[in-house]
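Work out the full structure: start from the sequences and follow the hints.
Listed in order, the protein sequences are those of chains A and B. Residue numbering for the first sequence follows the numbering used here, beginning at 39 and increasing consecutively. Residue numbering for the second sequence follows the numbering used here, beginning at 19 and increasing consecutively.
Calculated from the structure, these hints are not laboratory results. Keep in mind the model is a prediction, meaning the values are calculated, not measured. One should not assume that every hint holds.
Cut-off 30 Å, straight-line C-alpha distance, at most; resulting in silico cross-link-like pairs (BS3-like, lysine-lysine) [stated by the list, open to error]:
1) 112/A with 55/B
2) 112/A with 173/A
3) 33/B with 252/A
4) 55/B with 98/A
5) 55/B with 106/A
6) 173/A with 103/A
7) 199/A with 102/A
8) 203/A with 155/A
9) 55/B with 96/A
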Amino acid sequence: MPLVLLTVLMLAGPLGAGNLTAKQVLEKAGRNYDAVRDYTVDAKLTVDSPSMHVPEMKIKVFYKKPNKVHVESKDGFAMLPRQGALVGNPLRDMAAGSDLSVERSERVSGDDCYVIKGTFQHEERSAQATVWIDKRYFLARRMSVNPEWGPSVSAKLWYMKVGNKYWLPRRTEATISLPPMPDENPDAERKPRGPTIVKLSFANYRVNTGLNDKVFQKQEGSR
Amino acid sequence: MLTDLRLELRKAVRKSRMYIGPTAMSLLILAVAVGLKHSNPFEYLRRRMEQDFIVTGSFINAAFLCRHLLEGITYTFLPLFACMVCGDLIASEAADGTIRMLLCRPITRAQVVISKYVVACMYVLALSIGTGVLAYVMGTAFLGRGSLVLFSGGIWVLPETTAIVRLAAAYALVAAGMLAVGSISFAVSTFLSNSNGAIGAAMGILYGSAVIQEIEYFKVLKPYLLTTHLDIWHRLFVGPFDGHAFLKAILVMLVYSAASFAAGLIIFRRRDVLS
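In structure tokens form, the structure reads like this:
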């Protein structure tokens, strides 16, 4: 009899997880990210783009909940495409979205993932998103966001455990289409252009150190 | 020959005209550096970038000053100051009435022309390269150092070391161009007794060449015009490196210099010195 009960419980676990709604999956995933109040991390930024010709940059990223981001560079100058900066909780906007549904299961890099689709509001525009959340750790492994206007983004994320406690990105890779740059031929907007790939690899996380808000108020370099 | 050169150099450093260019360039660089430090005319670029990027640090630095200074001086101050000195070396001897005394010495006319031309070359190179060095030093003092950021058909960011190497090459290319313009002025001055005519002629050829370059009818002349190659330094900072284009540009500029020098030498040797 105990053996039967144990078997039932073992089966019920995965079945229960499989029956999670999209909202529940996103909430569970959100808890992973919400455990991090702030962090500082060293990052290497590489941009492969038809309109941005930049070398690998070493930057320091400061993040504080809910969405404060500050970047510093030892080289004096650095620029990070906003859409390619997957810092903080990448699911924050989506969790408050509508039409959320678990579409299917799919394997991403060998891990089973929920594929969740939905619509959410971001910066006063509606966006359709698909996110791949792994079933084991409830971490966003892939994302694809298609706003009603403006460039679309697709991203892949790889994680590491920091301090045996927090799951934070080890590497991110975002594929975006950038708008024309300053001084770029306006006609360039109409020409088909290749995508911009923004790769970030992170190291030396310092989590929940109580970063001061003043860090995010610095306006370096603005004379 | 070395004695002649030493004498010419000694004469040249005593002329106040030699110091107008360096002084004016120093003041210009100082004004631009102070201006950039206290009011950033490129703030609109930063704001435009911040719509799509998280931007940190400033792109207004020594490298930026050096690069943008070249835009403003390649067709204005540098050729003017180069011509002022190159066109004066022989013409002033005629104007001062010392040319006959100069030629009474046991040296050939060719030696006189060569030693004066070497002084002209030294001045032009020192002025062009010195402007770059001074711009970088003043830029470092007022604006700090860092990567070079350019907005030209996209965004180009060159690491500081790469930027310095390319800036040095750019100023060297501009120096070659200025040598060509100065040489024209030098050649004209060999048959004039007033340096103003030589300056006017050389600057006229420079600006005339820039106008002809834009006229479709004369497009066949374009590859041979000095102004076509004077801007070649732009390509050091953006786009793939085209070694052939650089070699061609350097060759054209050297041919202008050599041809002008040869013309000046021939004219001066045949000239009937009456003053």
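Now the hints, each set against the structure:
| no. | hint | verdict |
| --- | --- | --- |
| 1 | 112/A with 55/B | 21 Å, holds |
| 2 | 112/A with 173/A | 39 Å, violated |
| 3 | 33/B with 252/A | 58 Å, violated |
| 4 | 55/B with 98/A | 26 Å, holds |
| 5 | 55/B with 106/A | 29 Å, holds |
| 6 | 173/A with 103/A | 25 Å, holds |
| 7 | 199/A with 102/A | 18 Å, holds |
| 8 | 203/A with 155/A | 28 Å, holds |
| 9 | 55/B with 96/A | 26 Å, holds |
Hint compliance for this structure: hints 2 and 3 are broken, all remaining hints hold.
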